[in-house]
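Novice: Residue numbers (my numbering), protein chains in the order written: chain Z, 1 to 598; chain F, 1001 to 1124.
Where hints are given, some of them may not hold.
Unchecked claim - Every beta carbon over 12 Å from chain Z, so not counted as near; a handful from chain F, in silico:
no.: 1; residue: 1008
no.: 2; residue: 1017
no.: 3; residue: 1021
no.: 4; residue: 1045
no.: 5; residue: 1049
no.: 6; residue: 1055
no.: 7; residue: 1056
no.: 8; residue: 1057
no.: 9; residue: 1065
no.: 10; residue: 1072
no.: 11; residue: 1073
no.: 12; residue: 1082
no.: 13; residue: 1083
no.: 14; residue: 1087
no.: 15; residue: 1092
To be verified - Dumping the calculated SDA-like pairs for lysine to any residue here, alpha-carbon to alpha-carbon at most 20 Å:
no.: 16; chain 1: F; residue 1: 1052; chain 2: Z; residue 2: 258
no.: 17; chain 1: F; residue 1: 1052; chain 2: Z; residue 2: 228
no.: 18; chain 1: Z; residue 1: 162; chain 2: F; residue 2: 1047
no.: 19; chain 1: F; residue 1: 1052; chain 2: Z; residue 2: 132
no.: 20; chain 1: Z; residue 1: 258; chain 2: Z; residue 2: 298
no.: 21; chain 1: F; residue 1: 1052; chain 2: Z; residue 2: 298
no.: 22; chain 1: Z; residue 1: 162; chain 2: Z; residue 2: 211
What the hints assert, rightly or not - Simulated DEER-style distance windows between Cβ atoms:
no.: 23; chain 1: F; residue 1: 1029; chain 2: Z; residue 2: 62; range: 53 to 61 Å
no.: 24; chain 1: Z; residue 1: 69; chain 2: F; residue 2: 1035; range: 18 to 26 Å
no.: 25; chain 1: Z; residue 1: 461; chain 2: F; residue 2: 1039; range: 39 to 47 Å
no.: 26; chain 1: Z; residue 1: 224; chain 2: F; residue 2: 1039; range: 45 to 53 Å
no.: 27; chain 1: Z; residue 1: 336; chain 2: F; residue 2: 1059; range: 57 to 65 Å
Simulated from the structure, these hints should not be mistaken for lab results. The beta carbon of each residue, even a glycine, is placed where N, CA and C say it ideally should be.
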Amino acid sequence: MIRTPLRPLARILDARAKGQNPDVIEKENLAARNDALRDRSRARAEKRLILLALCFFASFTVIGTRMGSLAASTPTEPRSAAGGSEISAQRGDIVDRSGRILATNMLTYALYAQPRDLVDPAHAAAALAAIFPEMNANDLLRRFTDGRSFVWVRKVLSPEQKQMVHEIGDPGLYFGQREMRLYPNGNLAAHILGGTAFGAEGVNSAQVIGTAGLEAAQQARLSDPAQSSTPLTLSIDLTLQATVEEVLSAGMTTLHAKGAAAILMDVHSGEVLAMASLPDFDPNDRGAVVATHDQSDNPLFNRAVQGVYELGSTFKIFAVAQAMDLGLVTPDTQIDTAQPFRVAGYPINEFDGHNYGPTKSVSDVIAVSSNIGAAHIGLMIGGERQKQFLTSLGLLDPPQIELLEAHSAAAQFQAPWGEIATVTASYGHGVATSLLNLAAAYATIGNGGSKVTPTLLHSDHHTQGPRVITEATARACVTMMRRVVTDGTATFANVPGYQVAGKTGTAEKPKKTGRGYDKEKVINTFASVFPASDPQYVLIVTLDEPVEMAGPKPLRTAGYTAVPVAAEIIRRIGPLVGLRPIIEDAALTAPKQPVAQE
Amino acid sequence: MRALLSTLSFIAVMALAFWAYRENYATQTQLKEMAKVQDQIAALRDEIAMQKAEWAYLNRPTRLRDLAAMNFDRLGLMPMAPLQLASVADVAQPVAQSLMMAGTDQSDGVLAPLLVGSEGAQIP
């Protein structure tokens, strides 16, 4: 750029010649130069501002237009998106631990009527009553003609029934599509699954809500639309459950019991592999809860969870475990079993009037199941510590499991835990608890002393519970329980290959009058862990009022009732769970007769 | 030159317009197709759920047990027993072959203890 000189020589000379001040010319030129400079930079700034304004305008326009179009248009799913994760059913399936279906949904139709559209209400009512035996033609006709505009006729229809209703040909009868809950296995695992009912009902859909068992307890999980395509996996194994129910049912019939229950549990994780309660029901057609005097006669009653029973001698192992843990006894310590023995004025007797002589070792007290021996051990421990220990095993709390009914099954025991309570609790009387709690407590002994929380949901990760007894004590307890099976009251449970260890319990039921016990009505329990060398499973079998009639006189001790049933269950499920039989000389010999004792 | 350029660009615009028109309709057809397929998928999924329920119903343990009992003559199915399980070491080895090989250059006296150990193996 050619720079304009501030003092152009020509003009300076000219001005000098005219006698003017040449400095004026310089100032003039300087001012002109500054003006030009100012104009240039203003123009540049203007250009930049306009560009910036344009940018802002363009971006605001784009955003504004997009917002406007989003606000004004109706929302639609992008139809071209892949349809892989579409929700297929409104309620999640329930499957067993290997994915076999326990509960699923099925499309069905509800039948409703709009009486204004009915051509011949009387004929429609008569025809419907002919199809559905539970309906009354007069009743239907009254509902069709009393002026209402909408009548629910039936909640679910089978395809055949739907066809028959079609054939009535009345335009006032309508079908509403809906999903219903289906339990393809019928009565199997009925008490675990519970049941469902229709909640809010619409013409084109109906809400399915759980009314009992797992369906009710897991209602939030099952009805969560985000999780409806992933099934709820239970810890239950369908095959094991079926086997346990089959054997238990056969045992119940053979032994004339009015009820039975069994629980099979993994000792490490607390996962319940099978849980049965008989008599049972069909969850597809769950009846209403009948308000009878004795709830336990109702098929809907879950004996394994809801039932709280005095479990008798199965509790003796807890007294022994605690005494050993406290260092009070060893398996070889001699315990006083002399009769008569009175506590606070009450005589403590052995079952069936037996007498075991002056002393027995702790191991023998368990093997022959001596009440007096257990009572002495209980007194050594003391009431306060005993109650604390039973609480730490979870025996005095309602069972912790994912079932609606569990919360109501509170354990029963004498409120001030006095001396007599201490003594009776040592051999399982005066304390009533749920079978599930017993299973969890035996699992604690079986897994080496860590507390077990039972669960019905399958998971790959399990946290180990707090330690309740030492590993050495737990091992010694299992060894003692193994002796019960090899030499004691439960010899029928000596299943070859599976090293069953367990403890029998025969508890007479309290009389209905509330005073004393009924000799003819017993609850027989066999609580077992197997295999004894490395316990993996706990099996609890309970029979309600069983009696063994094969021999010359009726037998009511657990050794002749619950034990053979449990043995058959173990014999059947052992191969199913893949336990390798442990071949030992003793196991191959035939079972001996049990010590005729409880 | 200018005429040629504008002619060319006019042709290009027309071609693009034609292409856009066709693409628009092709897309709409595809979307309709997709909607139809998705309806089919939904229907099939319902059917699969139904089939699964039916499969579970037909395979319910009580039914299988009854079928096994009904066909006992032909199948002879029994519940598994503990002693049916064994380790590989318990499986009897084919003794006969090793006997023939051993028998060629060894006396019967040496063979005898070998035979006692395996159940049911007899020297012919």
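Novice: Could you work out which of the previously given hints the structure breaks and list their numbers from low to high?
Specialist: 4, 5, 6, 7, 8, 9, 12, 13, 14, 16, 19, 21, 22, 23, 26
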